[in-house]
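Could you put the whole structure together from the sequences, leaning on the hints where they help?
The sequence shown: position 138 = 217 (my numbering), numbered continuously.
Bear in mind the hints are in silico, worked out from the structure with no lab data behind them.
Just so it is clear, the structure is predicted and the values come from calculations on it, not from any experiment.
Ideal Cβ positions, reconstructed from N, Cα and C, are used throughout, including at glycine.
It cannot be assumed that every hint is accurate.
[As the list claims (entries may be wrong)] Pairwise CB distance ranges (calculated):
no., residue 1, residue 2, range
1, K320, N110, 38 to 44 Å
2, N192, N246, 46 to 52 Å
3, D351, N110, 51 to 57 Å
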Amino acid sequence: MITMYSVGLMSGTSLDGVDAVLAEISGNGRNTKVKQIEFITLEIPKDIKDEIRKCCIEEESSVDLICSLNFKLGYLFSKAVKSVCHKANFHIANLDFIASHGQTIFHIPRSYNNFVSSTLQIGEPAVIAYETNTKVISNFRVMDIAAGGEGAPLVPYSEFLLYSDNNKNLALQNIGGIGNITIIPKSCNIDDVFAFDTGPGNMIIDGVCQRLFNRKYDKNGYFASKGKINEEMLKDLMSHKYLSQAPPKSTGREVFGQVYLDNMLNKYKHVDKYDLIATVTMFTAKAIYYNYKNFILPKVNVDTLLIGGGGAHNLTLIGYIKELLLEVEVLTQDEYGYSSDAKEALAFVILGNETLNNSFSNVISATGAKNKVILGNITPKPFGGK
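Next comes the structure, spelled out in C-alpha cells:
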C-alpha cells in the first residue's frame, strides 16, 4: 500500500482555534491505516473571531465581509499547516494532500420558506493550495446535501474505521461547539452506524463564561462546580424543540449561537452567575442524556460512551454526564488511547483519503442522504505535479 502524508484541518463552531493534525495514511475503507504524527491548535485572532461571529448573524452579516473572510481564513489555515509541519520537523514539500473542513458560516439542514437545504463553509482552498503548493480537499458537506442529506454529521465514517469493536456497543460523543454522537453497534457494518447532533456542546457554556466571567472558557469546569442547578431555568432550556426532533438531525450556531445566548442571558439575568453556568453545563449533559434515552436506547444498549472534543476537558460536565448515565461506562477518548482534541481534524484526513480513492464516505443512516456519495472538492497543486 502507498503511504501518504496529510494535514487535516478543523475549525469548529466553538472557535477554540484551528486544529491541525499531521498524519501518515495508507489504504482506504476497512483497510485504512492512519497514524498521528503531530497536532497543534492555532489560536484564531480576536478580530477574525469577531468577523466569524458577525457572519453567522443575519442582521450583522454582509456579502463583502463573507467574501473577505473566506480569503483571510484561507491564509490562517495555511499558517496552521505550516506550523504543524514545522513542529514535526516535516518538510511541507513532502505533503501529499491537505484536508480542510473550513469554517461553517451557516447551515440549513432542511428547507424552509424559500430557503433550500444548504450549507456554507469558508476558508478558500485555492489560498491554502497556493500558500503550501499542496493539493487540497475541501467542502466535504455539500455533496451529501445534494444527495438529500443534512451534510452532517460526517465523522461517523472515520469513527467506524477507527473504533468498531466485535465485543462492545460503542457510542462516541463529541463535545465541540455543538454536541454530536455516533453509535457503532458491535460487529456492525457501515450501514448499521447511526449518528446525529445532540444539541449544544461548549457553545453556550463558553458564551456565558466570556460574558459573565471574562474568560474564554470554563477551564476544567471550575466556575460551574461552584454553582447550583437552577431547575426552573433547566426545564425551560430543555424544552427547546430541537431536542425532541427525531434523527437524522443537525444544528449549529444559527440555532444555539449569539442570538440564543443574548435572549437567555436577558431572561435569566436575575440568576447568580455561578448557578447560571452550572445550569447551562447541565443543559449540555442533559441534552446528551435526553437523546440517548429517546433515540439510542430503544435501538442499542450502549456499553461504553467515549467523549471527545474540548468538552472532554470539562470535569464538571463529564461528572454530570456520568451521573445521568449510571448504567454506561463513560470514558474520554484519551483514556481509550486516542486524542480527544485531534479527533475531528484526523477524521478529515481519512475523508480526504477516501475522496482521492474515489470512495463513498457519507453515512446515509446518519445524514439521511438518499445515496452513498464521494465527498469533497479537489483543488490541485497550483504549480502542477502529483
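Subject >> Status of the given 38 to 44 Å range, CB of N110 versus CB of K320 >> reply: 42 Å, holds
Original post:
Per the hint of 46 to 52 Å, is the separation of the Cβ atoms of N192 and N246 within bounds?
Top reply: Given about 48 Å between the Cβ atoms, the range holds.
**OP:** Using the beta carbons of D351 and N110, state whether their distance is inside 51 to 57 Å or not.
**Re:** 55 Å, holds
The structure shown violates none of the earlier numbered hints.
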